[in-house]
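Q: Listed below, chain by chain, are the residues.
2 protein chains.
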Amino acid sequence: MTKYQLLTVLLLLFCLTPVRAEDGSRLWLRADASAQAKVTANKKSPTIDIAIKELQTNWHGDKVNLVIPAKAGIPSSAGLTKEGMTGEGYSITGDAKKGITISAFSEQGLLYGAYHLLRLQETGRVEYPLNIQESPQYNLRILNHWDNLDGTVERGYAGHSIWKWDELPNTISPRYKEYARANASIGINATVLNNVNASPKILTAELLEKVKAIANELRPYGIKVYLSVNFSSPAILDGLKTSDPLDKDVQGWWKNKVKEIYRIIPDFGGFLVKANSEGQPGPQDFGRTHADGANMLADALKPYHGIVMWRAFVYSPSNEDRAKQAYLEFMPLDGQFRDNVIIQVKNGPIDFQPREPFSPLFGAMKHTGVMAEVQVTQEYLGHSNHLAFLAPMWQEFLESDTYANGKGSFVANTISAIAGVSNIGDDINWTGSHLAQANWYAFGRLAWNPQLSSEQIADEWIRQTFSQDESFVEPVKTMMLNSWEAVVNYMMPLGLHHIFAVGHHYGPEPWGIIPGGRPDWQPWYFHNADTIGLGFDRSSTGSNAVSQYFSPLKEEFNDINTCPPPFLLWFHHVPWQYKLQNGRSLWDELCYHYDLGVQQVRDFQKVWDKQESYVDAERFQHVQSRLKIQARDAQWWKDACLLYFQEFSKQPVPYDIERPVNDLEQLKQVRLNISNYENASR
Amino acid sequence: MTKYQLLTVLLLLFCLTPVRAEDGSRLWLRADASAQAKVTANKKSPTIDIAIKELQTNWHGDKVNLVIPAKAGIPSSAGLTKEGMTGEGYSITGDAKKGITISAFSEQGLLYGAYHLLRLQETGRVEYPLNIQESPQYNLRILNHWDNLDGTVERGYAGHSIWKWDELPNTISPRYKEYARANASIGINATVLNNVNASPKILTAELLEKVKAIANELRPYGIKVYLSVNFSSPAILDGLKTSDPLDKDVQGWWKNKVKEIYRIIPDFGGFLVKANSEGQPGPQDFGRTHADGANMLADALKPYHGIVMWRAFVYSPSNEDRAKQAYLEFMPLDGQFRDNVIIQVKNGPIDFQPREPFSPLFGAMKHTGVMAEVQVTQEYLGHSNHLAFLAPMWQEFLESDTYANGKGSFVANTISAIAGVSNIGDDINWTGSHLAQANWYAFGRLAWNPQLSSEQIADEWIRQTFSQDESFVEPVKTMMLNSWEAVVNYMMPLGLHHIFAVGHHYGPEPWGIIPGGRPDWQPWYFHNADTIGLGFDRSSTGSNAVSQYFSPLKEEFNDINTCPPPFLLWFHHVPWQYKLQNGRSLWDELCYHYDLGVQQVRDFQKVWDKQESYVDAERFQHVQSRLKIQARDAQWWKDACLLYFQEFSKQPVPYDIERPVNDLEQLKQVRLNISNYENASR
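As they're listed, the protein sequences go chains A and B.
Take the first sequence: its position 510, counted from the start at 1, is 510 in the numbering used here, and no numbers get skipped.
Take the second sequence: its position 476, counted from the start at 1, is 1158 in the numbering used here, and no numbers get skipped.
Hints are computed from structural coordinates only; laboratory data are not their basis.
Since we're looking at a predicted model, the values are computed, not measured.
Check before you lean on any hint, since a few could be wrong.
[Claimed, not checked] Cut-off 25 Å, straight-line C-alpha distance, at most; resulting in silico cross-link-like pairs (DSS-like, lysine-lysine):
hint, chain 1, residue 1, chain 2, residue 2
1, B, Lys1288, A, Lys668
2, A, Lys650, B, Lys1292
3, A, Lys650, B, Lys1288
[To be verified] According to the in silico footprint, chain B covers these stretches of chain A (three or more CB under 8 Å from chain B):
hint, region
4, 606-613
5, 645-655
[As the list claims (entries may be wrong)] Pair ranges (Cβ atoms, derived):
hint, chain 1, residue 1, chain 2, residue 2, range
6, B, Pro1334, A, Ile236, 58 to 68 Å
7, A, Gln468, B, Asn1355, 44 to 54 Å
8, B, Ile1110, A, Glu665, 14 to 24 Å
Every residue, glycine too, gets a C-beta built ideally from N, C-alpha and C.
Construct the complete structure from the given sequences, taking the supplied hints into account.
A: What follows is the structure in structure tokens.
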């Protein structure tokens, strides 16, 4: 072979080496699978096989030993012996020389340990000797998919559903396994496959066979399958005269159905129920309580260790402040629920707004299991067009002090599980935008350990997903950490809420009117702008929603002078000229917040554009393009809200800030032709 | 009458007092007509009657005496005896005590003197004793209306034509007189009623009767009527076999037609002709020269002292640089034109671009009358949506040194008349936007005295039109004076030109392609962007258009290092990395200019918004709204041009400037559905 021939062959080889497109499909799992580590285990199972394979191909150290020892062998500091633990914890010890040992009570713990070790490697944080003990704060860390059986995703901004019901069970998308792996790598151990606005069809034999096929794919990764159910299923599916939970036939129907499910899926997790909420059927249709309904399902599930997650997101078009209704509905039932019922409560009292105070149900229901529901998908945060890294928001929520048992009664400690409404779809990059992957990641990490800082989560995610170059990591991290606050600033600062465009919730519509619609779907219901001021009076002179909180919080919220500025307009109707502690009037402060939001997004653009040399062209341009949309939208929000509220305040926008570039009347004409099942294309 | 009754009556009276809407209809003529001055005149005529009435009702001093004296009585310093003067000059003397005397050779001079005196009053500049002598630099100060007989206005952005041909001659709109008054108040003494793309129909007997009706309205204000004519009129109107200017029948036809016109309108001014240009017929269709064509018409008009304004705006789809063609066409004809022919030359060599160097024909045609044509309507300057006060542009043009007769041969001194393409329509505010009225005003003032500073013109206009409050005048004046340069910055800095959207010329389209269109209508023809650089090489290594200028200008333009930066890309194809004298590369400098333009418009918004208390709500909001459009458009321009040119430069936009908020591919999809006869609604 001549030199020339050799060169040709080498060039050919080089060209044939598959250059993996940086399309975001690999998420934060981008190790190059070129390792050849020696991995041993003292037990064999499909889950352990996964752990072994992950380490063999990705761990660039030498030896790893996976051990499920006798209980005595586990350090107590690992928390693995704590009562009620599912045994998902693990310890990691050892060093480069003698090799590394991952110990856990369960195969699942070993798998989590393996992902932990790889995360250390991919974030450049391996420091010998290793001495790590981890166990999750919550046993149930669950995604809620609002995916419909027709493939659409309610509030989904990443294409269609990843569950291909039409193809199942014969065709198994490789995505199911990739999905399971991604979730396992961040500790998520459960998933609800279908929309809380549930089709009864999900419980038919045909569909359950499809569910089984998915469950089989997820099981080795330690992920249990749950389903949303329609409370009227007995009547709709099998023609029962009623779906009354106290009816024997109904109870029998559910018992049989549950039996059927567990025959097909022996480790089935349980039900998620949205009942008597926004048109969904429920026990109140038959004069029964939420407890009656939940308990009936719980009784059916109990023999199989299944659970009921019963949503507290209920409100009716009554005269009562919508923010108070879940509390009023559920508090009288505290203590009446079975022990395998968990009440699933949204983080805030309204509905996943850009910023809400925590729901007063947290800490208040002392005799009932309560779990938190946060929204990973950005229904109210600019869909997948806007960068809004949500770890800081969830952290603010989890760290809120409820005072339920005195000072230090943080929300995180009042709940026993956490659910995240998924932002996952069949887009090649999973979440519609590359940066939105970070919210999936952050949800998993916080569900495992709510004490993790947003900064650490962002740092981990950036290093694994993009680059470990400090010149990249630091500015991008700062940008992400400021992004949620920026969105709040240009959308709804100071406690404003729900002034979105009606329906799709993308873009501003503080003037919005749904003709004939219920008041608590109308923006004016929430902002109450008038010539005097702005905001919802929930103080003791108003709806008195503050009374649902514990002292001293209720007093703090109740007093306009002590109410934290981020919640000022949530709890008070504040005069335009009211002076805040920084000396500005409410109107001026509002203007500065909106303007700041716009400037912040422009700064994000600068930050990102400077990263061009650190990022592949495909993801660079995609993110760049989304930030452009966000910059335009931020201006739109600012102009729409300031110009609209100005009609009430009659005050000039402070002259040192950038002027609106839109006319209110034109903005009022904007109609985005998007459904609740698609991302806003802008 | 009780006190209460009295109060009621007073209130009623107050309410009945007509509050004149500030709709802009009064232009800069907003004196309150409450004066009762004693005005005398030593002669009587319709024109003098107007002068008397204006002073009687508007002059808040005591006595004014209007005098047409014997020649000997006029101070020679007034210039009224200069050869060739039409006697439009005047002097104003006197003081508050003994009264004021306005002297002039003509009734027209008296009227101008009256408006001068009132202008002093309305701008707060009356300083006794008065000792003013004025006479116009040019005898012909003419508006060109591009108004079609169907009521549309080519490149008109203020509604439809003010000439209501359908109603004429029976119905006489009061606007005709208001139009005449406004023009007289700033010294405009002539108008071409119809589009240079002329319908032959304008010369029919029916239409001439309508023209007569308009002329009757304008005459007392000293405004003569002219018409644009179609060179093929003989063939089209009366079936002649040809319109060849050397054909006896054709010559006879024109002689008869001119005779007919003067029978109907004895003081008719003459013809404006666009011939062999953009599809219009002309002498070249018959193998004759422009001189042949112009002279034939001149001969017909000569007996009546009529003139021919023959446009030099000609270019053909040849290989020759379009910027050179007018010069190449007309210079060989220098000296061949009759003395009642004036060649009407656009200020720049191309076509009313945001900024052009002066046309090399100025100063070059030494044996032919030459007049300048500037565009008051903002065809290429954002229509009536954008604020672009054009006095500084015209001043730059008029003050350009042609070196035709050595140093100091300014354009202003090479011309004998000046035409402005009108921005007037039937909108209530005349010009589509309130601030665009200033361009009409500035055109008139500069046509009278090209030495007036832009600053003085803006100052006068603001004080008369809005307010004399210094807190208003100064910032608004500064804004206006910077506005043209801002438009250049965000549209076409550094000598870029003609990269507009095809057709309507609103918005950017540097990528534009007219399929099958002639090269010199395509944006790429003008910008020549490639991987090396940007700009049109008109140096001696390129089209050598520089050779059409006199030394030392041609050498200055020819050398990339001495070419003034505002014309750099007009004369040179400049490498992206070429370093300008400020140390920046061409690419960076381009970016900074575009960004500066955006920032300047945002500053204009701030300036204007601060004026709310000085301006009536109607005009305040109207201007505010237009500035918003301009701010949005500036961003659009910046993004479109930078993102497009970036595809060639391959350079990042400097990271310290605000990032684009649009994607190029989306901008390329923008199609504004507007004709050449309407304002862009944005």
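Q: Each hint should be assessed against the structure and marked as holding or not.
A: Hint check results:
The suggested pairing of Lys1288(B) with Lys668(A) holds, with an alpha-carbon distance near 23 Å, which does not exceed 25 Å. Distance restraint check for Lys650(A) and Lys1292(B): the Cα-Cα separation of roughly 14 Å lies within the 25 Å cut-off, and the hinted pair is therefore satisfied. With a C-alpha separation of about 18 Å, the suggested pair Lys650(A) and Lys1288(B) falls inside the 25 Å cut-off, and the hint holds. Here the region 606-613 of chain A counts 4 residues with a CB under 8 Å from a CB of chain B, which clears the bar of 3, and the coverage holds.
Look at the region 645-655 of chain A against chain B: 3 of its residues bring a Cβ nearer than 8 Å to a Cβ of that chain, three or more, so the hint holds. Between Pro1334(B) and Ile236(A) the beta carbons are some 59 Å apart, a value that agrees with the proposed interval 58 to 68 Å. With their beta carbons about 51 Å apart, Gln468(A) and Asn1355(B) fall inside the hinted range of 44 to 54 Å. At roughly 19 Å, the beta carbons of Ile1110(B) and Glu665(A) sit within the given window of 14 to 24 Å.
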